Each structure stands twice: as structure tokens, then as C-alpha cells.
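In full-length UniProt numbering, the protein residues as written are 1 to 111.
These are calculated hints, taken from the structure and not from any lab test. Everything numeric in this text was worked out from a predicted model, so none of it was measured. Errors might be hidden in some of the hints.
[Unchecked claim] Within a straight-line C-alpha distance of at most 25 Å, the following computed SDA-like cross-link-like pairs (lysine to any residue) qualify:
id, residue 1, residue 2
1, 35, 66
2, 35, 22
3, 35, 74
4, 35, 57
[Unchecked claim] Restraint-style ranges between C-beta atoms, simulated for each label pair:
id, residue 1, residue 2, range
5, 13, 51, 31 to 39 Å
6, 10, 77, 52 to 60 Å
7, 52, 100, 43 to 51 Å
8, 19, 80, 45 to 53 Å
9, 85, 18, 51 to 59 Å
10, 11, 78, 49 to 57 Å
Quick reminder that beta carbons are idealized off the backbone N, C-alpha and C, glycines included.
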Amino acid sequence: PARGGGLTLGLAGRLPGLRPAEPGEFTRRAFHHGKLDLTAAEGLGDLIRAETEAQRRQALRQMEGELGRLYQRWSETLTQALAHLEAYIDFSEDDNVEEEVLSQVDATVRT
Numbered sequence: 001p002a003r004g005g006g007l008t009l010g011l012a013g014r015l016p017g018l019r020p021a022e023p024g025e026f027t028r029r030a031f032h033h034g035k036l037d038l039t040a041a042e043g044l045g046d047l048i049r050a051e052t053e054a055q056r057r058q059a060l061r062q063m064e065g066e067l068g069r070l071y072q073r074w075s076e077t078l079t080q081a082l083a084h085l086e087a088y089i090d091f092s093e094d095d096n097v098e099e100e101v102l103s104q105v106d107a108t109v110r111t
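Throw the hints in and build the complete structure from the sequences for me.
Pasting the structure below:
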């Protein structure tokens with residue numbers, strides 16, 4: 001027996017303002033509303049195009065935020081290094097500031 005799926009879609013298509021979603025529209029909306037970051041959205045695209053199991057696993061890790069978290073840690077590390085360098089510039093005339101700040105920056109960047 002027919003379930004009326006085609007009929008339902010046909011009738012729904014007549015409703016004012018209703019239209020089929022564009023390709024990627026839901027992902028774009030999720031990104032713009034802060035539900036996905038850019039790396040997660042790219043991970044979804046990678047998942048769709050994945051041809052191997054390894055590619056699929058990597059795309060899933062990216063969608064789960066692994067790459068975004070890595071970038072966030074890098075950003076925090078670089079921001080901290082910049083703050084130390086700015087302190088060095090502002091207070092370079094003080095005793096022992098130069099060596100201490102440069103050591104902290106070096107340690108931060110190397111980790």
C-alpha cells in the first residue's frame with residue numbers, strides 16, 4: 001500500500017516559504033550559529049568524500065574537535081609568548097627581566 005510520501009512532499013512544496021535545502025545549508029547554519037567550528041565543518045566534508053577507512057576515521061576525529069582543540073592550544077601558547085615578549089619590551093630596563101622573560105618564551109614555544 002502507498003504511504004503517501006510523494007503526495008506529502010508535493011503538498012508540502014506548495015506551502016509558502018518552504019523550499020528544499022541547498023547543499024551544505026545545514027552545515028553552514030550550524031557554523032554560523034556556533035554549533036560547529038570551521039575545522040569540524042571541514043571534517044564533515046572530508047567524511048563525505050572519504051574513500052578509505054583511515055580517511056573516515058581522521059574525518060570523524062576532526063568533526064569531534066580534535067584539530068580545533070589543537071589549534072586552540074597553539075593560540076593560547078602563542079598569546080602567552082606574545083604577552084611575555086610585550087612585558088620584556090615594556091620592562092626591559094629592570095634587572096633580570098630579560099633573561100627570565102626570554103627563558104619563559106623559549107620554554108613556551110618549544111612545548
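For each hint, the structure was consulted:
1. 35 to 66: holds, 15 Å
2. 35 to 22: Status holds; Cα separation ~19 Å.
3. 35 to 74: The given pair, whose Cα atoms are some 21 Å apart, holds under the 25 Å limit.
4. 35 to 57: holds, 21 Å
5. 13 to 51: 31 to 39 Å: holds, 35 Å
6. 10 to 77: 52 to 60 Å: holds, 56 Å
7. 52 to 100: 43 to 51 Å: holds, 50 Å
8. 19 to 80: 45 to 53 Å: Holds - the Cβ-Cβ distance for residue 19 and residue 80, about 48 Å, lies within 45 to 53 Å.
9. 85 to 18: 51 to 59 Å: holds, 55 Å
10. 11 to 78: 49 to 57 Å: holds, 56 Å
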